Amino acid sequence: MENQINNIYRLRNKKKKELSDRTKKIIVTSAALVFAFIFILPTLLTITNSFMSAGEINSNYGAIYSNFEGDKKTFISKTVNLKFIPDMVTFSQYYTVLLKSPEYLLKFWYSIIYAAPIVVIQLMLAVFAAYGFSRYESKFKNAIFFGYIILMLMPYQVTLVPNYLVADYLGILDTKWAIWLPGFFSPFAVYLLTKFMRRIPKELIEAAQIDGANEWYIFSRINYPLCKGGVASIAILVFFDYWNMVEQPLILLKDADMHPLSVFLSKITSGEISLAFAVSVIYLIPPLLIFLYGEDYLVEGISYQGGIKG
Amino acid sequence: MKLHSIKLNSIKTNSIKKKRAMNFEKKSLFSWLFLLPSLIGVLVFFVIPFIVVIGYSFMNNPIQKEFVGFSNYVNVWNNASFRDASRNTLVFSFTAVPLAVVFSLLMAVMMESKLPYKSYFRSAFLSPLMVPTASIVLIWQIVFNFNGILNNFLVKFGDSKIDWFKSQEGFIVIISLFLWKNLGYNMILFMSALAGIPKELLEVAKIESANKFQVFWYVKLRFMSPTILFVTIMSLINSFKVFREVYLLTGDYPYGPFYMLQHFMNNTFATLDYQKLSSAAIIMFIVVSALIYVLYRLENEYGKDVEG
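One line per chain: the protein sequences are A and B, in this order. Per the numbering used here, the first sequence runs over residues 10 to 319. Per the numbering used here, the second sequence runs over residues 264 to 571.
A portion of the hints provided could be inaccurate.
[Claimed, not checked] Dumping the calculated EDC-like pairs for lysine to aspartate or glutamate here, alpha-carbon to alpha-carbon at most 16 Å:
#1 A:Lys-185 with A:Asp-266
#2 A:Lys-276 with B:Glu-463
#3 B:Lys-504 with A:Asp-250
#4 B:Lys-475 with A:Asp-30
#5 A:Lys-211 with A:Glu-224
#6 A:Lys-263 with A:Asp-183
#7 A:Lys-204 with A:Glu-146
#8 B:Lys-483 with B:Glu-463
#9 B:Lys-377 with A:Asp-30
#10 A:Lys-263 with B:Asp-515
[Unchecked claim] Here are the in silico distance ranges between beta carbons for each label pair:
#11 B:Val-557 with A:Lys-33: 49 to 57 Å
#12 B:Lys-462 with A:Ile-36: 23 to 31 Å
#13 A:Asp-96 with B:Ile-311: 53 to 61 Å
#14 B:Tyr-481 with A:Asp-183: 51 to 59 Å
[Said to hold, decoys possible] Output of the computed footprint for chain B on chain A, the stretches with three or more beta carbons under 8 Å from beta carbons of chain B:
#15 97-108
#16 112-119
#17 183-194
#18 202-216
#19 230-244
#20 254-268
Source of the hints: derived by calculation from the structure; they are not laboratory data. Nothing here was measured: the structure is a model prediction, and the numbers come from that model. Using N, Cα and C, we set each Cβ at its ideal position, and we do this for glycine too.
Working from the sequences, and respecting the hints, build out all of it.
See the structure below:
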């Protein structure tokens, strides 16, 4: 008798637990869904709106820009209409951007010209430097590495002052070199790659040394191949950073004609809002492709950063 | 005989040791060669000019080069816009950074639970990393503009419109932007830390009949303290980077709470006032270094028994 009652209780408790587990799961999942939607909303909105006609965009978002201009208070529309699906899908924005207004493509090209060499050279230098830091660690070397960390953590507003002075001294202000050179030597990639290399088992390197491998051999046949994944992931992070640079061109390139698309795009005025979305999408394509193909690398790269002592 | 061989052996090992030590030194020198290119660049582009900046901060101007003591610092310190800017930046950072740490930790815990389609969620949360600054600015304008979406909602629910870019509520604009952009990144950091907690530790806690909250609070959080420190520092740095978006949203001379140290620096660059620039940069350098040092010490205190 007692046993039966106990059994019933147990069953009921089990059911209750299952039920609460299920509701928990539903709550967590729906919360995650809401969050995820908010996170991708801007990307989604930019892409779908880029297929609208100029007229549709003006009537949807005209309220913002006529207000934004300040001096002319004419409103194309009273309020903003948030719309995801265009009335009629058209490529007219892309047509205008790609064929009729070459300045956007030129700026796009500038963005590539600034970012690509920085990614390549910063990583090349960093692979070497990281090897230097991870081998034969000494107190002096570690102190220098700590200096790199401090430098990495400084906001642009601090490092831009020295950068400006050097660029001025070398006479490279207002040229690509003013952007490139500080980017080449930025300590970010060095820091992360050193952390990667320090995790390579020491036994592996010692075994190679016993077999008579010299430093260059160890570097090129052991450390570098084992860090290829790390190089890829850090390259992605560095690219995202320099693709979106705003501070450096604003200060180091006085000539607005030389600014990359990241700065130029923000100065789009009321007459051109219809183009803003299409230009944004074009600007989004390189990072989007890299993101889609390299997300696992990206996650790996970020994961490696945890713990500053490394 | 025996003694002799032992002696011989010890001499042999000694000489091998010496040889090894020499080799070690030679090779360690060789490892410096790898460091050299980066080191030279960092010295030329960051360290040496920074020393020059320190010099400038104590001079009356770069041409006369007269030593004026701390008067540049006093001037900057007494500068009203510098004070405004520092206050706004500090208020923003001290609100946004804790929020970012807590929210991203919650998100990491959420991702750790049984969530279907986990990898899709991860992609969604990480996607802000790749969205170009300009698109972000466009969308934030659509949402927060006086005639924007958010105000539409407010009016629908019977509230009055808020001029987000010209009121104290503008704070919400930048904090939302900052959180949106950085939570995914931080979440990944916490996820990898959560995955790195030894399973045995959690099992022991379970056997000791700790409940879920206790496990989280006393075991997981403590174990993650280096990551919490790192996320805090990174968020702090990124809170300085939010200037990009704020600048593009509001321009050179924005309304009250939007005026950040970065605006001050930018505007000072425009007039190329070297004394002001260098002393402001050094004040920022000292404050950021001090903050990092304090965080570092805090983590050492809190997490020392975990790391062993």
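Going through the hints against the structure:
Distance check on the hinted pair: A:Lys-185 and A:Asp-266 sit about 12 Å apart at the alpha-carbon level, within 16 Å; holds. For a cut-off of 16 Å, the pair hint linking A:Lys-276 to B:Glu-463 is broken: about 56 Å separates their Cα positions. Under the criterion of a C-alpha separation no larger than 16 Å, the hint pairing B:Lys-504 with A:Asp-250 is consistent with the structure, at around 10 Å. As the CA atoms of B:Lys-475 and A:Asp-30 are separated by approximately 14 Å, the hinted pair is consistent with the 16 Å bound.
Only pairs whose Cα atoms come within 16 Å are accepted, and A:Lys-211 paired with A:Glu-224 is accepted, the gap being roughly 14 Å. At most 16 Å may separate the alpha-carbon atoms for a hinted pair to count; A:Lys-263 and A:Asp-183 meet this at roughly 6 Å. For the hint pairing A:Lys-204 with A:Glu-146, the CA-to-CA distance comes to about 13 Å; that is within 16 Å, so the pair holds. Distance restraint check for B:Lys-483 and B:Glu-463: the Cα-Cα separation of roughly 12 Å lies within the 16 Å cut-off, and the hinted pair is therefore satisfied.
As the CA atoms of B:Lys-377 and A:Asp-30 are separated by approximately 10 Å, the hinted pair is consistent with the 16 Å bound. In summary, the hint linking A:Lys-263 to B:Asp-515 is supported, as the alpha carbons are separated by about 15 Å, within the 16 Å threshold. For the pair B:Val-557 and A:Lys-33, the supplied restraint of 49 to 57 Å is violated, since their beta-carbon distance comes to about 38 Å. For the pair B:Lys-462 and A:Ile-36, the supplied restraint of 23 to 31 Å holds, since their beta-carbon distance comes to about 27 Å.
Under the hint 53 to 61 Å, the C-beta atoms of A:Asp-96 and B:Ile-311, about 60 Å apart, fit the expected range. Roughly 57 Å separates the CB atoms of B:Tyr-481 and A:Asp-183, a value that falls within the hinted 51 to 59 Å. Under the rule that three or more residues need a Cβ within less than 8 Å of chain B, the assignment of the segment 97-108 of chain A is violated, with 0 such residues. Only residues whose C-beta sits within less than 8 Å of a C-beta in chain B count toward coverage, and the segment 112-119 of chain A has 0 of them, not enough to reach three; the restraint is violated.
Coverage of the segment 183-194 of chain A by chain B holds in this model, with 4 residues showing a Cβ closer than 8 Å to a Cβ of that chain against a need of three. Beta-carbon proximity to chain B at under 8 Å applies to 0 residues in the segment 202-216 of chain A; the threshold of 3 is not reached and the given coverage is violated. Only when three residues or more bring their CB closer than 8 Å to a CB of chain B does the claim for the segment 230-244 of chain A stand; here the count is 0, and the claim is violated. For the segment 254-268 of chain A, the stated coverage by chain B is satisfied: 4 residues place a CB nearer than 8 Å to a CB of that chain, which reaches the threshold of 3.
In the structure shown, a violation is registered for the earlier hints numbered 2, 11, 15, 16, 18, 19, in ascending order.
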